[in-house]
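Undergrad: Single-letter residue listing:
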Amino acid sequence: VDPTKETKTKLSQKEIDWLIESWEPEPLVTEVMEEQNPLHVVERMNGNQLKLRGMKDTVLDLSSNDFLGLGKLPSIKENAHKALDKYGCGSCGPRGFYGTIDVHLQFEADLAKFMGTQQALCYSDGASAVSSCIPAYSKKGDLLLVDEACSEPIRTGVNLSRSTVHYFKHNDMKDLRNIMETIVKDDKKNKRDSLQQRRFVVTEGLFNATGKLCPLPEL
Amino acid sequence: MQTIEIPFWAAFTTYFSYGVLFVFGHLRDFYRRFFPVDKGTKPGYAPFTFDWDDFYTRRLYWRIRDAWNRPISSRPAAVFTVVERTTKDQGKTLEYTGNAAECVNLASYNYLGFAENPPQVQEDVLDCVDTYGLSMCSAPCEVGQSQAVQKLEVAIAEFVGKEAAMVFGMGFATNQCGLPGFLSDPNCLIISDHLNHSSIVQGCRGCKATIKVFRHNDYAMLETVVRKSIVYGNPNRCRPYSKIIVIVEGVYSMEGEILNLPKVVELKKRYNFYLYVDEAHSIGALGPHGKGVCDHWGVSPDDVDVLMGTFTKSFGSAGGYIASSKEFIASLRSLSPAYLYGCSMSPIIAQQALSAIHWITKTEEGKERIRRLHENSTYFRQRLIKDGFQVLGDDTSPVVPVLLYHPAKIPAFSRECLSRGVAVVVVGYPASPLVESRVRFCISAAHTKQQLDFSLDVIKEVGDVCCNRYMLYEEKMPGWIKSLLNSQSKSAQAAVNGKAKPLNGHSKTNGHAKKKQ
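Chain order of the listed sequences is A and B. When you line the first sequence up against my numbering, it's residues 1 to 219, in that order. When you line the second sequence up against my numbering, it's residues 1 to 517, in that order.
Isolated chain B, as found in the complex (with noise of 0.2 Å):
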């Protein structure tokens, strides 16, 4: 688990730049009060948000929404084109300048390089539009499983070495329905990382068993939450719970880190508890062959009971699959909403993941791309750490988060960026913790080493302009003012603890957040 440490200067300007703000967003409101603005509310009916609901979206990320949700015009490879757009009002209009400008990607989820097809696998994607049109309009369960994706399931499954496998429609649906497909029983503990994404949280949601939540990669905590949960069962129904699933993460997109799956798996054999580790990161971005998080720690499939995944991020293309044994796959079937009453998986896309995977495990510059995204990925953590940035996570994982703290960099850093030509995203509440803002680059095996060292040296420079370079400075502070403000930064970090974790159930996501598509 890695403590992140908020240099006390940092910490003392981020809780007074938010202080600010919010006094003056309170100032408006009041002001707003005996001068409203029409919000479009018909008379008789209640509005569709009241004071308080909106009032971090109104009075703080409005202002700087021009960092998210930046149209392209291209293909999301490892150049892209970004659509320029302007405020002349602080960001409650955008318009469009009709310029683009070309930048280096360092956003999209393209770990593979997949955004630009190697021609063969084109070609298949193409001929599967002669063969079976756009989309099957059809739930899997009547016509809408094609060949393409029945191939694919099959494909999968081998992929990640287990028996079986179904695929859905969109990343974020496979476990929003695919959750409640299984755990329909009252009587069950899901145990959930706290970090988990939010489509995770819906899918647990969804159903009726109980949901405690564990601090984030605090396996000791796991192990306390589990050996309590065993030992004094369900309290409402007073009688030992029916089974203990335990949903984890392989790569968390937000802080870069790889699941201690090991740690896990020792603990999973012990206390007989269920895992089910969401791969949405990792399929293809980890381990020697790209086979996920048990490919990278060497441990073997069958000591995961269900390994989820996404076709997003490395595949380039969409949907999701949940593999398991054949057992629980025709349960998963029978159970899940999306096996009845969803669309099925276009089988376009089917035939872009398939030839993707065919790729990366038959052919040569397949397995070159594996090996060139770890090269990549370590290659830019190092460069950042020697340029003083504070970066999180693990040497391998292509999600590459560095810290900023303070919200005005949250834009700052953005714009400033992409005036240079590099594309970045930016990060704040509620994704990551309210102080903990950060810029989290997305490597891929298509860049080059030269791209590579251009985007190093725009975000060294961006760096000097927005002051993030945290560790350079405290390398270079002299020694009595470092003693002193460690004393100082111990009741910062307390607090920073304190404030900044909730831990009472999972955080409200989907703010300017996270993936699945």
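Excised from the complex, chain A in its bound form (with noise of 0.2 Å):
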């Protein structure tokens, strides 16, 4: 018998019930964190101003993404009262079964104009939107070209699309530009139509991670 070799003995029903006796699995969490409580727990907010919980006086907020202000506004407040007593709080129903509103159609009719594109659609979270998104159009075979500094939704996204990635270095175009001629060097050696193959590159209009913006002419 060669030791070198794999072997695939055929295990007793004894062997079979000891293992499965003696495993013992870890536990559930492995590293025990310490509490993540929340930095700060927001009792009530207005304007600009928020009131914590646990502090006497308000303070400035520096910190939420809310940049023009429109969430505070007295006439939106107003629409969402109405909005609540017309339509109620969710839509009981993803948009193919009735959960359609004919609100939301009006949202992208006028997000599109906004934005100058043929059609727009709205999602109702930030994160799995991005991450839905990109799976939906490059799939297994396609080219990712990725900024590094990209955010997390981003990143699951380009995993859960199971493309060929590439990153390129933060708002480095030199490198991109590198990339992009490598990549068509290899398409002429081995012979690859780069009419089968999509490929797309992603980066975001204002970076969460370092504030900066990415250069679109260029790009």
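Hints in this document: simulated from the structure, not taken from any laboratory. A hint or two may mislead.
To be verified - Distance ranges between label pairs, derived from CB positions: (1) A:15 to B:45: 55 to 61 Å; (2) A:103 to B:481: 52 to 58 Å; (3) B:25 to A:169: 43 to 49 Å; (4) A:76 to B:461: 42 to 48 Å; (5) B:19 to A:73: 57 to 63 Å; (6) A:117 to B:23: 33 to 39 Å; (7) A:190 to B:43: 19 to 25 Å; (8) A:206 to B:272: 46 to 52 Å; (9) B:39 to A:106: 25 to 31 Å; (10) B:23 to A:122: 34 to 40 Å; (11) A:104 to B:272: 45 to 51 Å; (12) A:22 to B:481: 56 to 62 Å; (13) A:206 to B:461: 54 to 60 Å.
Glycine is no exception: its CB is placed at the ideal position from the N, C-alpha and C atoms.
Build the complex from these two chains, which are given one at a time in their own frames, with help from the hints.
TA: Following this line, the structure appears as structure tokens:
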């Protein structure tokens, strides 16, 4: 019998029972973390003043992403009241099964006009919008060129799409150009038809991680 | 595990119809090769879809797409207003006629009737708009955690019987971002029911763990898979798995079946695996107190390691939660991307869910709603069975699927019901197996007996028009034809069992498919 080759011996019922009984799983939580209490619990928002729990005075809000302050406008709050009275709080169904409300369609039409595109789609959650959208277009065998500093939802979407991914240095157009040239050379060498592979460059307009804008004209 | 017995004639006509549709689809594609239509692809770029990718969408789904994505112009209560649409070019474009019809709503996930809020709940929600604005616009680890969300986390943990809970802004994202949060170990094994929702599939794919799938509700197969996995370990690493997690759902939304929780817990205790139950449809809808599948079976929530659910269905809100021990939730908060990067749940939604939980636990009317939901579901299901339809699922489950099989009956049933004032949801491939298309009714506590009787009469009438009262036809069939077809139907059944339920990993859902906001 050659000891370098793998052998598959059949196990007896006794051995199987012993293996099952002696198997001990690891605990569900391997690293016990300290209770990650959120930094601040907000009790009330008045304009751009926040009342945080445990603090007597209000503080100026320099944390949230409400850049235009639209969430605090009285006219918008009034419209929210009207919408809650007319439509209720939840849509009680996905878009395909009577969860499409006429305001969704109106919003999508207005959004498309605002962005200057033909049509628009709205999702209920920003992070899962990106991570659902990328695999919808880019499948296995396609190519994605992604900026290094892209946020986590984009990375999730890229992983779920199972496409070939190359990360280029943050906002570095020279690096991107080099990668693209290498791929085109590879195409000619391997005689790959570029019309059979969908290729996307994924970047952010304003990066959450670094606060920089992407160089759109060069891109 | 329920087995679906397709009547022979239904199987024959279904396969024949699909055959005709595929042949005509291919003929049309062949014609388009010589007279192509401009798809809007820019020169020098690869097209977004190649021929085969979207064959089903272009040639089958597109013709009947008016049965889905129907807009409504009111709240999704027991009776709602559906906006009318027509098509003049076989589904390519849909136009609004300007009319809207009031229909009985057998489609929305409105199990406890919170689409129409009781006055106190509505007041709480409107107050929240004034206190916080519309959204916190921030991640929960920054300034996204509002007091409403904090209270909701405590309330939902207490409601389901766990130590702590974490809430997410979207039901789908709860699984998609929550599962990778605690399953980051590549030497871990996930065993998932093959009919699990696509959010669980996506969440599992986001982990580096090995995934194995067992046949729907087949606990013998689950036991075999667990035994083999423990004995032979991880074949890629040649070492035992560090832990095994079994993921199941409380109520399966397309089958209407309730999970056999005592059986799974018995297996869990024998083999030491961890259990994750997705109670998206069962929370609020099952059990004498509305506390989900544990309440329904009288099983202690301590026997289930992780309970996940959504607020979309029974609480009239949006978002989801994961409830477990304090250490687990603390670890989930540190590792879950939703806590660190995602936008936190809007306080208005959190308040709606919080007030709904308070309503069903503390008020008499809330408890009455739970009781009424169970009564309505049982009554509706029993009447459909009496009328001769092939109904799936268990008695108290508020999801009532009825089989159609035939592809042409999918739009026919939907359109005929709508023209008679009942809005229903029809489900085809890929949300259900190819030959097992069905119509799925969602019962609500808000439905009155008159509305249910009216709907049942309409469904009976449409059942005659579409000829899908299969149990009735079986009964009325002469004996000699039955025995002749019995021998034929056994081979048809074997063919269906072989083809219609693939087990090589999860099927690709999300066609005209499933829920979870």
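Undergrad: Do the Cβ positions of residue 39 of chain B and residue 106 of chain A conform to the proposed distance bound of 25 to 31 Å?
TA: holds (28 Å)
Undergrad: How does the Cβ-Cβ distance of residue 206 of chain A and residue 461 of chain B compare with 54 to 60 Å: does it lie in that range?
TA: Given range 54 to 60 Å: holds, Cβ gap about 57 Å.
Undergrad: How does the Cβ-Cβ distance of residue 103 of chain A and residue 481 of chain B compare with 52 to 58 Å: does it lie in that range?
TA: holds (54 Å)
Undergrad: Residue 23 of chain B and residue 122 of chain A, beta-carbon distance inside 34 to 40 Å?
TA: holds (38 Å)
Undergrad: The hint says 43 to 49 Å between residue 25 of chain B and residue 169 of chain A; measuring C-beta to C-beta, is that right?
TA: Hint holds: Cβ distance 47 Å, inside 43 to 49 Å.
Undergrad: May I ask you to test the hint 46 to 52 Å on the CB atoms belonging to residue 206 of chain A and residue 272 of chain B?
TA: Roughly 49 Å apart at Cβ, these two residues keep to the hinted range, so it holds.
Undergrad: Can you let me know if the beta-carbon spacing of residue 76 of chain A and residue 461 of chain B is within 42 to 48 Å?
TA: The hint (42 to 48 Å, Cβ to Cβ) holds, given that residue 76 of chain A and residue 461 of chain B are roughly 47 Å apart.
Undergrad: If you check the beta carbons of residue 190 of chain A and residue 43 of chain B, does the distance land in 19 to 25 Å?
TA: holds (23 Å)
Undergrad: Residue 19 of chain B and residue 73 of chain A, beta-carbon distance inside 57 to 63 Å?
TA: Taking Cβ atoms as reference, residue 19 of chain B and residue 73 of chain A lie about 59 Å apart, which means the hint holds.
Undergrad: Look at the Cβ atoms of residue 117 of chain A and residue 23 of chain B and judge whether their distance stays inside 33 to 39 Å.
TA: With a Cβ separation near 38 Å, residue 117 of chain A and residue 23 of chain B satisfy 33 to 39 Å, so the hint holds.
Undergrad: I want to verify a distance hint. Is the separation of the beta carbons of residue 104 of chain A and residue 272 of chain B within 45 to 51 Å?
TA: holds (47 Å)
Undergrad: Range first: 55 to 61 Å. Now tell me if the beta carbons of residue 15 of chain A and residue 45 of chain B are that far apart.
TA: holds (59 Å)
Checked against the numbered hints listed earlier, the structure breaks none of them; every hint is satisfied.
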